[in-house]
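> Got two chains here, each in a separate frame; can you build the complex from them with the hints?
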Amino acid sequence: MLPGDPAKAGVKDSRLNAAAIEELRARFGLDKEVLVDLDGPNPFDTQYFTYLGALSRGDLGTSYAFRDRNVSDLIGDALINTLWLVLPSQALSIVLGTILGLIAAWKRRTAIDVAALAFGLFMWSLPTFFLGIILLFLGANWFHLPTSGRVTLGTDYASFWEAAGDVLRHLFLPTLTLTLVLLGEYLLIMRSSVLEVFSEDYILTARAKGLSTFRIIRDHALRNAMLPLVTLIAINLGFTVSGAIQVESVFSWPGLGDLTVQAVAQRDYPVLQGAFLLLAVAVVIANLLAELVYGLLDPRVVEA
Amino acid sequence: MTATSQVLSAAPAELPRAHPARAFLRNRIGVVGAVMIAIVALVALFAPWIAPYDPYVHVRVTVLDIFQGPSSQHLLGTDDAGKDVLSSLLYGARVSLIVGFAAAFISLIIGGSIGLIAGYFGGRLGAGLMRFTDFFLVIPDLALLIVIVAVLRDRSLFNLILVIGALGWTTTARLVRSQTLSLRERKFVLRARAVGGGDWYILRRHILPLALPLMLANTVLVISLAILSESTLSFIGLGDPTVISWGQMLDFAFGRGAVSAGAWWALLPPGFAIVWIVLGTTLLGTAMEEAFNPRLRRHHLEADEASVVADELVAEPPVSVPAPSGVATTFAADSAPVLQVRNLTVEFDSPSGPLRAVEDVSFDLRRGETLGLVGESGCGKTTTVMGMLRLLPPGGRVVAGQVLFGGRDVLALDPTELRAVRWAGMSIVFQGAMNALNPVRTIADQISETILVHEPEMSRGEAGRRSGEMLERVGISARRATEYPHTFSGGMRQRAMIALALACQPDVVIADEPTTALDVMVQAQILELLAALGRDFGMGTIIVTHDLGVVAQVCDRVVVMYGGRVAENADVRTTFAHPRHPYTQLLLKAFPNVGETDQRLRSIPGTPPRLDALPPGCRFTPRCPYAFERCSAEVPPLFAVGDDDHGASCFLVVEPERAHG
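So the protein lines, in turn, are chains A and B.
Take the position in the first sequence, starting the count at 1, then add 769; the result is the number in the numbering used here.
Take the position in the second sequence, starting the count at 1, then add 411; the result is the number in the numbering used here.
Next comes chain B alone, as it looks inside the complex (with noise of 0.2 Å):
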């Protein structure tokens, strides 16, 4: 599940991930929450030497003591009983800081124990215990601390700690257990069980670490709780009298008239105290979370127009490769491409700047041609499709090329005409389907919805009539259109993705790892339904993916990439006879050929380059074989091989004598 939406995110895989601990330095508000914490437990920890008073000391007081304003002698003036308001709000950081800690850590040890065990184990045990922590979290905790705490023999801030930090927990377990849950499937767990690992050693040396993080950042979300409920109780008058809160003084002086005597200074101070320690630890805690839960980063609503910098474009004129004699970047065209890609260059944000995960790719797509875009994980296949959608996530965006479709530039559209283009005229079909639907939803309805959109004057029912048979053209039976996403399997989900792909009947298909998560069968179905759908439609379709036997089965034309450029661009025939990029013949190598049983398969050492240490030259440089000076000196432009509509970037090409000195 995570793979498929790291794929979706389209972010590249080797894009360097920021630390958590660096990220969260770079969270300023985690750092303010953290700060406003630490001067709490200053105050705290020095508040016999800074306040000016010993609250706890009593002293003769006559009336005219009462609700004195500020003065030199009482800075914050006097409260209630003629007491300096400073001395006992400095005071109260303790009570507010003992109780917070404690009862927080009584409710991480409750609740990060059931979460743990229902968790790991699961079963009856686990969801008996759900069901006790569903029960009180359905209960009214105010309510019920009152009740319990007004039946207390002794209101003692030791019990008051007991009650609030054992009524505190149930965030905490719903967190954890599913944290477990997710960890308990982890390879790691599972081959520490394989080897025999015991529960209890597997829990406490390999989930509870990795759960932690998260358990702490909602434990300092428990501990703002925890101080509310202490200065709720307290001023409520259920509160350890013998101990001076920040609840209590305000109990005190509200119960004696400080509104009606205008003392907001009696009031005030204790009451922001609250607001300032709460407000610290719900910042920090937040940070936390957000810090360790990498998920929230994405957002798919940013604006279109965000991913796109059409000054620039026009600013610069998209050529960034001088145009050598005999490059290949116009084909022989017996028939105009639909689409055109050029020198499309997509660069992402990091903390070191921005990085290159697409550069300077080309390439054509003809009608009722099948491209497929090849090369491993982390090549830049995905950004490039999204790049030419404008689909992008946060951080990343197209700063150089075209996207020819129709006669325009798909890059320089404004947001209106980009929407009249997507779909009907270049749609998607997303990798994991799973998740590509919306859950709420029937299939029809989202169909229908995608063709009223683009063909408004349309009815409802003609709409629907069209949904049923766009499932019915890809094996799904009409009658279960009006069924959720989730009553479907995966390659139903993959071929629902398929009709609504073709709904708008667009000039060009994209399939993104059409094929992935599904077994073999399935996927041979698919592939062939998308290029014979292809063929009928007279579509383009381009298909996405690391698997050379997909290529072989169904594609026309194959660009390959490498570390975000094309390394070669060629017909199938040519690229599975006469591949003359080294990295193209390394990958035919690396896959299995079922006629040649003596050959050996041998993987390409070394990995594709990351974003941020690309090498100088041919981004291949560092794992070929047949490296000479000039690769890692210059950048290899698309050269064209014979006269055929082949492109190689590859210096050896031009200087084939180099392939064996």
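Same shape as in the complex, but just chain A (with noise of 0.2 Å):
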């Protein structure tokens, strides 16, 4: 079904004989029919329905190319670190966007609106991966920073805060560069969206009312610009499982993008099955949130 016997590809070793291979084939179930077995005295002795009942009971199987290694534990492993990078980089950008955006807007054909409208296409045509490989290249040469992995190898530490100290510096630079892309994207989608909202009859009326501008953005433009934005955050969120993909990819950052590049790489089908699994997961959960958030926001969805 899918190209590359992960058999071959997991070993690369020509004096590898017949035998050899398909014992690895018998070990990996790869030997099975894929769907249904009709010739067999078990139908349902298939790869698929035995990696169906091994999910059941939350064995994601074995990773071809890290043998022996449980693809949970890789999985969970590659989650963590990745949490540990985006989660900050989305915290900080999300505040920073919103308020940047605003005012933005708030300041349409100002040089602030300018400066920051150039800062935000500029971000947004920038790939990610060229914006990691210029901070890489300025941190590594400039800032001897360090630039690839989660810890200096080979390193003992004294203690808990110089560990620590040293997974924040090796943080540092793809944290920066996944906090700037997202403050582009967000910049440029608050703008819009609060210029949208500014078009809007009410805030004629709020005008009228004799409400300050300050009264105004906070009670009437801020919660109804957020809308679009709670979208965005949203896709946003579910991208976290794999769309720090291009910075990890920098920074060798061992997280779940990295993972799955090597994954493809290697073609590591179970482990690319986890991580796809864990991705379709957390978008639905990040669009449920999405949902909620709205109807709270907006009076209108609750009826719907």
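Any given hint might turn out to be false.
So these bits of chain A aren't anywhere near chain B, every CB distance computed over 10 Å [to be verified]:
| id | residue |
| --- | --- |
| 1 | 830 |
| 2 | 937 |
| 3 | 980 |
Coverage of chain A stretches by chain B, computed from C-beta distances (three or more under 8 Å per stretch; other residues unrestricted) [unchecked claim]:
| id | stretch |
| --- | --- |
| 4 | 889-895 |
| 5 | 899-905 |
Hint data in this document are derived by calculation from the structure and do not stem from the laboratory.
Just so it is clear, the structure is predicted and the values come from calculations on it, not from any experiment.
The C-beta atom is built at its ideal place from N, Cα and C for all residues, glycine as well.
Pasting the structure below:
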């Protein structure tokens, strides 16, 4: 069904004989039929149903590439690393993007707006991996920051705090990259969303009522303008599990994105399946959350 | 919906709208984007002639050729394989453009078809298609892209284009659907269907051409996304290995130690080339969207002070009319006017210079009086009241005049003083209250908020009680006060707006076409309500309307406007019985009179003048049956008629014999 026999991809040794390959295939269950086995004693003794059975017990199988490592463990470790990277970036960029986008829209066509717009458009046009490379280049050559991995290999830490500091220094450049990229996107969306709201008639009403600009923005514009941003944040949180692919691959950050790219390169299908199962769950949960938040912000949704 | 928004924006209807193409050309951002794309296109086209080397030819290299800095031989140095970076860069433009345009074209076809079908046919088919679209929208495209490309047997450029194109259509589909939904209800489409036009014919001939501009703008943005996708895939090592692309250049250089070698020349050029083309397409696409989507030009929060040129007011005494004897600007005052508008003049910016939407408008309003501001659409009625309240949209400003309220000129107040006068002194019921209330806050909340702003010492509970009372006054049960505007019908929202307008017990209430969108029964109720409340509270009320029936029903005084100027100003009895301005007379003839069945209705030939082509002299001259030489030579001031407080700006008042010659 899929190209490349993992039994061969996993073991790149031409001296491997046919018997050994068969043994590997049996070990991973690849000798079985894919979907249903109509000739055998049990038609469901196949690759797919074996996988489903294992899945129901919370077992995602065994990695082909990282031999003898449980897919659940691999993905669990990677997920934690990814969250360390993604959550701070998301939080920072959401807060900054909302504020900057709001100010830009409010001060439309002033120097502040032009600068914010230029920054946003530039960040949007900058491929994430390229920004990562630039920051890595600068960080490595000028600031002597670590550029790869999660910890400095082969170090003995005197204390927990020293170890934590090392991780944080490794985390700095990837987090900065992801924050800048997300910030550009949130800023642009917030700006256009606020501009859209400012053109609404109820803003004119608020102005005619004698509300100060601050109160108009706080009480009438902000909540309405946040609505599109909530959707975007939800989609991006779904990305969380896969979206740091580019940053992780530049900085060799051992998260899910990096794991996915490696799994693709090595045709490690159990890991890929596990990663995408997690992605699917994350996307569903993120969208569910978005719906709930949307319902809180917009009374019209509850009716529908 | 669009009609109400237009009126609310107070821009005169005949203000010339720039043609989208011209608006686009004036938009420098779009031109910059187009030029950026054109440069890449030229490079891609002429790459074989301008590139110093052919990057596809394999040459033997030694270790010394690798990562060599810029030199006269290699202007941008050499890469990890000792090849000329500049040549690869120039050839790489081809891949980016081919992928971008071809994939975006595929997306346009898929997204356009889905959007058109979902929008036009709607129903279960449309809902199903949109579910499908939403599904694709929430899947992280990069992850999906990587998996699909990873399992491709053949990573050729052609296959990459297919995959990128097949995943990039969701935004197009949503945009086209919403466009189609609104176009479907437009008159010409309904008419085409009524005369038996088939669905496909209507889609092809009527809807597609109108949806196309925004579709194309969106497609330009999709191009930028496709180019980004291709370079990301190439960087991850999933691109077509047989062609040279910018993403692949970065992948090879980065993966083979360009950073540790300090070889910035192998990294920055391909990276910034991607930025260049993505930025170019984004700028062009955004500019196109803005040119084709006029809605984005309104902005209700541009600073208050910008709408009034206070210095000019001081510098230039607001008397632009030479006051000949007997000019009826002051009326025998039995009670002091609560509001006096003097020589109000409003201009709008336009590509061809400032346009006068309102000129030299003066009138008085007394307590308990209801004044009708009457005229055809585009006569400057709404602009007049928006100018009075300093709520003109961007590009509009009061250039002369005074609005005397409570002994002070509203136009000269600083923003803090102005805010205090707004609503507590003068409030307004906008036309089409559909969108004038904030959809995410309850009615009571929006009324109490207003009360608390102007009477901060009041407690929240007290303000809430007052909101309930106000709603009861307009016939809405106080129990419904905690509901949101979307649960109210159009008539109820209009009543809620009136309750809001009265919440601070203002001295002046302005109602701008308060009943246009409502059915006749509700209209009558609302008008009676306004007039009664006006009398009860002792307010002055201004009703802006084109409906003489409304005037006859509730107004005490009538100010007739034409071409931005006051044509006639009289009490309601005089207006209907002895109109002196030919425009008023013709307006009355165009209005059905229930009493006289034999009289035929006559519409006034012609249309109100365009602001950019105002006739010299009296603005009504081209349509006036009595016009004589003086009318096109001089602007008639408001002449007093008899010794009543009746004025008409027509030379016939002072030269009555001309009416027969």
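> Hint compliance check: list the failing hint numbers for this structure, sorted ascending.
3
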